[in-house]
Amino acid sequence: MRTIVHLLRHGEVQNPAKILYGRLPGFQLSGLGQQMAKAAATALADRDITYLVSSPLERAQQTALPFAEQLGLDVHLDPNLIESGNYFEGMRVGAGDGALRDPRHWWVLRNPLKPSWGEPYQLIAARMILAMDAAREHARGHEAVCVSHQLPIWTLRMAMEGRRLWHDPRRRECGLASLTSFVFEGDQLAQITYSEPAAHLGTGAGRGA
10 MRTIVHLLRH
20 GEVQNPAKIL
30 YGRLPGFQLS
40 GLGQQMAKAA
50 ATALADRDIT
60 YLVSSPLERA
70 QQTALPFAEQ
80 LGLDVHLDPN
90 LIESGNYFEG
100 MRVGAGDGAL
110 RDPRHWWVLR
120 NPLKPSWGEP
130 YQLIAARMIL
140 AMDAAREHAR
150 GHEAVCVSHQ
160 LPIWTLRMAM
170 EGRRLWHDPR
180 RRECGLASLT
190 SFVFEGDQLA
200 QITYSEPAAH
210 LGTGAGRGA
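Under the working numbering, the first residue of the sequence shown carries the number 10, and numbering increases by one thereafter.
Keep in mind that the hints are not guaranteed to be accurate.
To be verified - Per label pair, the in silico range of CB-to-CB distance:
no.: 1; residue 1: E182; residue 2: Q131; range: 17 to 23 Å
no.: 2; residue 1: E78; residue 2: Q131; range: 34 to 40 Å
no.: 3; residue 1: E170; residue 2: W115; range: 28 to 34 Å
no.: 4; residue 1: L33; residue 2: D83; range: 21 to 27 Å
no.: 5; residue 1: M169; residue 2: G211; range: 28 to 34 Å
As the list claims (entries may be wrong) - Straight-line Cα separation of at most 20 Å, SDA-like style, residue types lysine to any residue; simulated pairs:
no.: 6; residue 1: K27; residue 2: G94
no.: 7; residue 1: K27; residue 2: S39
no.: 8; residue 1: K27; residue 2: H114
no.: 9; residue 1: K27; residue 2: Q43
no.: 10; residue 1: K27; residue 2: Y96
no.: 11; residue 1: K27; residue 2: E67
no.: 12; residue 1: K27; residue 2: G103
no.: 13; residue 1: K27; residue 2: M100
no.: 14; residue 1: K27; residue 2: G184
no.: 15; residue 1: K27; residue 2: V102
no.: 16; residue 1: K27; residue 2: E98
no.: 17; residue 1: K27; residue 2: D111
no.: 18; residue 1: K27; residue 2: F97
no.: 19; residue 1: K27; residue 2: A108
no.: 20; residue 1: K27; residue 2: R101
no.: 21; residue 1: K27; residue 2: R179
no.: 22; residue 1: K27; residue 2: R110
no.: 23; residue 1: K27; residue 2: Q37
no.: 24; residue 1: K27; residue 2: G40
no.: 25; residue 1: K27; residue 2: G211
no.: 26; residue 1: K27; residue 2: L41
no.: 27; residue 1: K27; residue 2: Q159
no.: 28; residue 1: K27; residue 2: G99
If you're looking for bench data, these hints aren't it; they were derived computationally from the structure. Every residue gets a Cβ at the ideal spot worked out from N, C-alpha and C, and that includes glycine.
Generate the whole structure from the sequences, applying the supplied hints.
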């Protein structure tokens, strides 16, 4: 029996201040982000999706809405899909920005195995595996869509591939509104695929995940 769990990263977020928004409330999809969500839903329109679940953050729930409307499904919430907490939440952290240049913040960068967001990779992987397994049970023999965030999705993928969890964030393969799909034969993972159905729309500025 084949079951597929699609992990969908949310679309672009409206973020004019260009801060790292993390789990902060009030950050919603931009106009482009809403188009991205629709593109992802269209890409899966003919699939056998029977279960839809989202991170509780606004941007994730907004990304799930086109799927709910298209498929006639309710959007369930799973706190295990939420973004990781981050010490730098609410700060500007791009190249040349003050937060990373200020020596007062350097202490949180000292251990690459426990990143600055304060949640060790092992814990991120563990809760994401729980979320994926729960979705797989709900959709057994069919397909599920789980809307989450870049770091949790990428950490889950590395864990399922048996790779080390600490990494260079610039090398993540998890674009906006991308799909990382886990294909199970029975209870065994058979394949992981990746696609970017909204890539043709381009990406704008924004920080977070």
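Results of checking the hints against the structure:
no.	hint	verdict
1	E182 / Q131: 17 to 23 Å	holds (21 Å)
2	E78 / Q131: 34 to 40 Å	holds (37 Å)
3	E170 / W115: 28 to 34 Å	holds (32 Å)
4	L33 / D83: 21 to 27 Å	holds (26 Å)
5	M169 / G211: 28 to 34 Å	holds (29 Å)
6	K27 / G94	holds (17 Å)
7	K27 / S39	holds (13 Å)
8	K27 / H114	holds (19 Å)
9	K27 / Q43	holds (19 Å)
10	K27 / Y96	holds (16 Å)
11	K27 / E67	holds (17 Å)
12	K27 / G103	holds (8 Å)
13	K27 / M100	holds (8 Å)
14	K27 / G184	holds (17 Å)
15	K27 / V102	holds (9 Å)
16	K27 / E98	holds (11 Å)
17	K27 / D111	holds (18 Å)
18	K27 / F97	holds (12 Å)
19	K27 / A108	holds (13 Å)
20	K27 / R101	holds (6 Å)
21	K27 / R179	holds (17 Å)
22	K27 / R110	holds (16 Å)
23	K27 / Q37	holds (13 Å)
24	K27 / G40	holds (16 Å)
25	K27 / G211	holds (18 Å)
26	K27 / L41	holds (16 Å)
27	K27 / Q159	holds (17 Å)
28	K27 / G99	holds (9 Å)
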